[in-house]
Amino acid sequence: MKRLHAVWKQLKRRPMSLFGCGLIGFFLLVALSAPFIARPEAGSRDPYIIPQTGYSPDPVLPSKDHWFGTTEQQYDLYYGMVWGTRTAFRVALEVVGMAMTIGVLLGGAAGFYGGWVDEALMRFTDIVLAFPDILLAVVIVAVTGPSLNHVMYSVMAVSWPSYARLVRGDVLSVKERDFVTAARALGASDGRILFRHIIPNSIYPVLVVASLSMGSIVITAAALSFLGLGAPVGYADWGQLISLSRNWIMGASGDPFAYWHTVVIPGLAIFLFVLGWNLLGDAVRDILDPRQK
Amino acid sequence: MLKFILKRLAFLPFVLFGVTALLFSCLQFLSPEMRAALYVKDPRQLSQLDAVIEKYGLRKPLPVQYGIWLKQVAHGDLGYSETAKMPVADAIRSFFPATFELTLVTFFPIMIVGVFFGVLSAVYRDKFIDHLTRFVAITGYSLPSFVLGLGLLMVFYGRLHWFPPGRYTLDTDMLVHSDAFRHWTGLLTLDCLLNRQWAAALDVAEHMVLPAATLLYISVALLLRITRSSMLEELTKDYVRTARAKGLPERVIIRKHALANALIPVVTLSSLLFIGLLGGVVITETVFDFPGIGRWGVQAAQQLDIPGVLGSTMLAAFLFVTANLISDILYAVVDPRIRVGN
Numbered sequence: 000m001k002r003l004h005a006v007w008k009q010l011k012r013r014p015m016s017l018f019g020c021g022l023i024g025f026f027l028l029v030a031l032s033a034p035f036i037a038r039p040e041a042g043s044r045d046p047y048i049i050p051q052t053g054y055s056p057d058p059v060l061p062s063k064d065h066w067f068g069t070t071e072q073q074y075d076l077y078y079g080m081v082w083g084t085r086t087a088f089r090v091a092l093e094v095v096g097m098a099m100t101i102g103v104l105l106g107g108a109a110g111f112y113g114g115w116v117d118e119a120l121m122r123f124t125d126i127v128l129a130f131p132d133i134l135l136a137v138v139i140v141a142v143t144g145p146s147l148n149h150v151m152y153s154v155m156a157v158s159w160p161s162y163a164r165l166v167r168g169d170v171l172s173v174k175e176r177d178f179v180t181a182a183r184a185l186g187a188s189d190g191r192i193l194f195r196h197i198i199p200n201s202i203y204p205v206l207v208v209a210s211l212s213m214g215s216i217v218i219t220a221a222a223l224s225f226l227g228l229g230a231p232v233g234y235a236d237w238g239q240l241i242s243l244s245r246n247w248i249m250g251a252s253g254d255p256f257a258y259w260h261t262v263v264i265p266g267l268a269i270f271l272f273v274l275g276w277n278l279l280g281d282a283v284r285d286i287l288d289p290r291q292k
Numbered sequence: 000m001l002k003f004i005l006k007r008l009a010f011l012p013f014v015l016f017g018v019t020a021l022l023f024s025c026l027q028f029l030s031p032e033m034r035a036a037l038y039v040k041d042p043r044q045l046s047q048l049d050a051v052i053e054k055y056g057l058r059k060p061l062p063v064q065y066g067i068w069l070k071q072v073a074h075g076d077l078g079y080s081e082t083a084k085m086p087v088a089d090a091i092r093s094f095f096p097a098t099f100e101l102t103l104v105t106f107f108p109i110m111i112v113g114v115f116f117g118v119l120s121a122v123y124r125d126k127f128i129d130h131l132t133r134f135v136a137i138t139g140y141s142l143p144s145f146v147l148g149l150g151l152l153m154v155f156y157g158r159l160h161w162f163p164p165g166r167y168t169l170d171t172d173m174l175v176h177s178d179a180f181r182h183w184t185g186l187l188t189l190d191c192l193l194n195r196q197w198a199a200a201l202d203v204a205e206h207m208v209l210p211a212a213t214l215l216y217i218s219v220a221l222l223l224r225i226t227r228s229s230m231l232e233e234l235t236k237d238y239v240r241t242a243r244a245k246g247l248p249e250r251v252i253i254r255k256h257a258l259a260n261a262l263i264p265v266v267t268l269s270s271l272l273f274i275g276l277l278g279g280v281v282i283t284e285t286v287f288d289f290p291g292i293g294r295w296g297v298q299a300a301q302q303l304d305i306p307g308v309l310g311s312t313m314l315a316a317f318l319f320v321t322a323n324l325i326s327d328i329l330y331a332v333v334d335p336r337i338r339v340g341n
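Which chain is which? The protein sequence lines are A and B, in order. Per numbering that gives the first Met the number 0, the first sequence starts with residue 0, numbered consecutively. Per numbering that gives the first Met the number 0, the second sequence starts with residue 0, numbered consecutively.
Since the hints were made in silico from the structure, they are not lab data. Some hints here could point you the wrong way.
Unchecked claim - Pairwise CB distance ranges (calculated):
no., chain 1, residue 1, chain 2, residue 2, range
1, B, Pro-86, A, Glu-175, 50 to 56 Å
2, B, Ala-244, A, Leu-17, 36 to 42 Å
3, A, Leu-17, B, Trp-197, 52 to 58 Å
4, B, Lys-59, A, Gln-51, 44 to 50 Å
5, A, Gly-190, B, Pro-86, 50 to 56 Å
6, B, Gln-47, A, Asp-57, 40 to 46 Å
7, B, Arg-124, A, Leu-31, 36 to 42 Å
8, B, Gln-47, A, Gly-24, 55 to 61 Å
Predicted model, so just to flag it, every value in this text is computed and none were measured. Here a beta-carbon is modelled for each residue, glycine too, at the ideal position from N, C-alpha and C.
In isolation and in its complexed conformation, chain A is listed as follows (with noise of 0.2 Å):
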């Protein structure tokens, strides 16, 4: 708690980094009051759905009725970038933390074993190291089947590499410190020792690396709507809106930027986001990181 206090005293004196939580913030209050700007329509069961007026193919620019304009066969664009917000927030804090927990326990198992068990869960982690990220992502969800979930787990999959290392090569330094002989030579368990005193003690790098990695993810998952392999069409999520666009971006004859506003809006939405938690992530690292000082 008195860290957190410290960071948040540092964090006042960056603008940038004032920034970034600002944007956050921003965003976090258009997911929580989603169901009040943007009322989902009478008996819909699906909020994440976003309502169609109508079935004409060409995108219509913003207007009064549609504040940010719709999209091709008429979702209105405003909605989706609202509740696109939850599901902005659902992917980057699922997938960060699924594969935090995924990285952390696969990383402190190897890091606390040591012999085989190590030797066996780092090839593997260079294994899944060597793919590019993108492709093996793509290749899981081509199997699986699109759906939102689908990305969030292939994403997921192809991330929790980095954390496992980090956490082995602070596991090995950790638990050769004199608290962890003390413990074992209380009789404490092998898990105790893992979870109530190395992994505690080894968990701030991770936190650090979870915080930056936050955006890239966010960026991972939207690529991955892009390619039309996540949501489905009509569910509010901002790559999905975007892939969406895709056909729009030469505008009609006569007018090139007809259709900008499919590409700008939801474009600018997860450009946004993104910058705010790499921001945020930056201001963490240079307060927590001790060399930086």
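Model the placement of chain B on the given structure of chain A, informed by the hints.
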């Protein structure tokens, strides 16, 4: 040193084996019928689905299929890629030079821009130029390549008609596939120049401007950061203070003393940057419809063209391991304090 290199090279087959085995294990999510669908082009052929499954041995247990595939590879046959409409070996030969050319065209500008502004940013720490550089870097780092790519296409293709997507125009396409055109290097721009086809060379170069610009903006951030922090660290060291005490001009200290040392991590990481680029081209190539390994890999994965997926990922994994090895060797070569293997 030699022992170290050999040890690392021995690791390569292991990684390739692991990567392909992992891919095969992903296939258990698919029924034989789903995999056979790739080879069925027409509803009337549906009656032959069983024959197709039989022909490709799709009903056999996965380890057996993997064994069969390994045996094929050992005989030099990588299979046939349906999405590329050619054997996998030919597809690699056709797509890899394109990706390599694009990566090469992007790599050197990134190095120059990254190192130059990284140093500038460190020397003028907390001044305007430092803030500007860091802002540009972090925005590039936060911009998804497909958003930037679509935006660039909208302006420079849709509006200005300067830089079209794809690899080349129809004229160049006919030219490079004619008998008179000799493929000296596989790098198309260079080949066009060597064949004295100036217009075609310009055409090919024009098609690479937007994807290269996208990759540059998105990847330069990493190098900027490394150069900056490495330079900042060197500038606080004792030998810099000594040089200052001797009364050397600041310019000489920065260029001759600090930069040489600050570049060590930069050189080492440059091969990793190359890897990052190869990963980044996957989406960039898809957005710009650029016929390289990345676009092929994505298409193959989406259409469950398993030989294509295996071929493209094996190539990527191969490049990854080699670049890592080069990075370690460079590290030892550049920094005399480091000797591997002793």
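Hint numbers not upheld by this structure, sorted from lowest to highest
none
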